[in-house]
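Each protein sequence line maps, in turn, to chains A and B. All residue numbers for the first sequence refer to my numbering, where the first residue is 1 and numbers rise by one. All residue numbers for the second sequence refer to my numbering, where the first residue is 1 and numbers rise by one.
Hints are computed from structural coordinates only; laboratory data are not their basis. Warning: the hint list may mix true and false statements.
[Said to hold, decoys possible] To spell it out: a stretch of chain A is covered by chain B in this simulated footprint if at least three of its residues, at any positions, have a beta carbon under 8 Å from a beta carbon of chain B; those stretches are:
{"#": "1", "segment": "105-115"}
{"#": "2", "segment": "136-143"}
{"#": "3", "segment": "189-202"}
[Unchecked claim] Here are a few chain A residues that sit away from chain B, every Cβ distance over 10 Å (derived from the structure):
{"#": "4", "residue": "G17"}
{"#": "5", "residue": "E40"}
{"#": "6", "residue": "D60"}
{"#": "7", "residue": "G67"}
{"#": "8", "residue": "E77"}
{"#": "9", "residue": "G82"}
{"#": "10", "residue": "K83"}
{"#": "11", "residue": "G183"}
[Said to hold, decoys possible] Examples of chain B residues lying across from chain A (beta carbon under 10 Å, computed):
{"#": "12", "residue": "D34"}
{"#": "13", "residue": "P144"}
{"#": "14", "residue": "G183"}
{"#": "15", "residue": "D202"}
{"#": "16", "residue": "L205"}
{"#": "17", "residue": "R209"}
Heads up, the beta-carbon is just placed ideally off N, CA and C, and yes, glycines get one too.
Number of protein chains: 2
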Amino acid sequence: MRIAVIGTGNAGRALAGGFRRIGHDVVVGTRDPDATAQREEWAGSDLPLASFGDAATDADLVVNATGGQVSLDALAEVNLDGKVLLDVSNPLDFSEGFPPRLSVADTDSLAEQIQRAHPEARVVKALNTVNGAVMVDPARLPEPTTIFVAGDDPVAREAVRALLVELGWVDIVEFPALEAARGLEMWLPLWVRLMANLGTADFNLRLVR
Amino acid sequence: MRIAVIGTGNAGRALAGGFRRIGHDVVVGTRDPDATAQREEWAGSDLPLASFGDAATDADLVVNATGGQVSLDALAEVNLDGKVLLDVSNPLDFSEGFPPRLSVADTDSLAEQIQRAHPEARVVKALNTVNGAVMVDPARLPEPTTIFVAGDDPVAREAVRALLVELGWVDIVEFPALEAARGLEMWLPLWVRLMANLGTADFNLRLVR
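Chain A extracted, bound-state conformation:
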């Protein structure tokens, strides 16, 4: 599958490397490919870079791994019509420091904002509840943990679920509505405090039922 990962932060780099490792054809979308290629964290990488718009052109699946505060702007440059958009972003607003606030919550979510901005896209929220390293390597944690999938389109959810299985996820809880992204994004205020409390981002929840 050809996957366009939009965003070159920790999550984007982890996902691009992870998807390639499991055999996908990956291109990374960034605002300025030449500038990104010069950056220290990109040294030694042979992942192909393209502009936001070009990256998605031939992609079967597009991943939004941009920072939540710039996601709508970045995706405005991408034609997502008919495409599955895996949204891993979070609406974290660090403008007043740590812990961040959420710029949208409770009665709306970033995933739904993206869906409204791209009504022909098939938006699926997943992987936003863990950090980049855990996203692509759930076995790095000492026990199996749980990951969530939320989206309105069953075929798109299934495409994302198949990717998650390839990445090693076993316990996948699926919500049949993108609205559930509100709950997934509102896990972050606890997640960031746990990260500070535990001194690591290497953790996740296991749903025991």
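Fit chain B to the known structure of chain A by using the hints.
Relative to chain A, chain B alone:
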């Protein structure tokens, strides 16, 4: 220890029974003790009922198990000065149906609102992340799970932690600031959607790190 449980809903009844089972002297605070005694779910119970104010008078520890939308009103009738207040409530607003919204979130929490209304109380948030049955019997789940404690006062946190251990909790994650109640309360939007999705309230998260 003498414990006053304020509130007669599912959480209040479960906690009152659970605290008595482990040997504490329990009184349940309700707006109208006579009316509560007549209610079907109170039939056969010999837990002593008292008014909100009377219940707390001689208590070593007070539990707020009232519904989040009425907690501030109910606690206004209780003198909490110097007392440990274990707040298990959640600011769930069902006025527009299910899933509920949060009436306070992100930059404030119900626990902090209670603390501001009772500056001499020692408020500790805990147990709000699970339902009543799990609160008092964590072993009913098939694996050990995680419970959280958040509060500014270390002695009050320790008192609550000791109670949790008596109830059977093993994995207790402590936040040294009541501010973390924001994260604990914001877990609820995911919790309620999981309850609907799983068809049971008998679940909890296990923090894997």
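Status of each hint after checking the structure:
Counting residues of the segment 105-115 of chain A whose CB falls under 8 Å from any CB of chain B gives 3; the rule of at least 3 is met. As drawn, the segment 136-143 of chain A meets chain B at 3 residues by the rule of a beta-carbon pair under 8 Å; at three or more, the given contact holds. Figure legend: the segment 189-202 of chain A, annotated as covered by chain B; annotation consistent (10 residues with Cβ-Cβ distances under 8 Å, at least 3 required). For A:G17, the shortest C-beta to C-beta distance to chain B comes to about 23 Å, beyond the 10 Å cut-off, and the non-interface label holds.
The beta carbon of A:E40 sits about 29 Å from the closest Cβ of chain B, which is more than 10 Å, so the claim that it is off the interface holds. Taking the minimum C-beta to C-beta distance to chain B, about 28 Å, the non-interface status of A:D60 holds against the 10 Å cut. Remark: the non-interface label on A:G67 is consistent with the geometry, its nearest Cβ contact in chain B lying 18 Å away (cut-off 10 Å). Its beta-carbon lying about 29 Å from the closest one in chain B, A:E77 satisfies the requirement of being farther than 10 Å from that chain.
The claim that A:G82 is not at the interface with chain B holds, since no C-beta of that chain comes within 10 Å of its own (minimum 28 Å). At roughly 26 Å from the closest C-beta of chain B, the C-beta of A:K83 stays outside 10 Å, upholding its exclusion from the interface. At the 10 Å boundary, the C-beta of A:G183 falls inside the reach of chain B, the nearest C-beta of that chain being 3 Å off. Taken as an interface hint, B:D34 does not check out: its beta carbon lies about 38 Å from the nearest beta carbon of chain A, beyond 10 Å.
Given hint, B:P144 at the interface with chain A, holds; its Cβ is 8 Å from that chain's nearest Cβ, closer than 10 Å. At its closest, the beta carbon of B:G183 sits 3 Å from a beta carbon of chain A; the interface hint therefore holds under the 10 Å criterion. Hint status for B:D202: holds, given a least beta-carbon distance of 7 Å to chain A, under 10 Å. The interface hint given for B:L205 is met, as the beta carbon of that residue sits about 4 Å from the closest beta carbon of chain A, less than 10 Å.
The criterion of a C-beta within 10 Å of any C-beta in chain A is met by B:R209, whose closest approach is roughly 4 Å, and the hint holds.
In this structure, the earlier hints numbered 11, 12 are contradicted, and the remaining ones agree with it.
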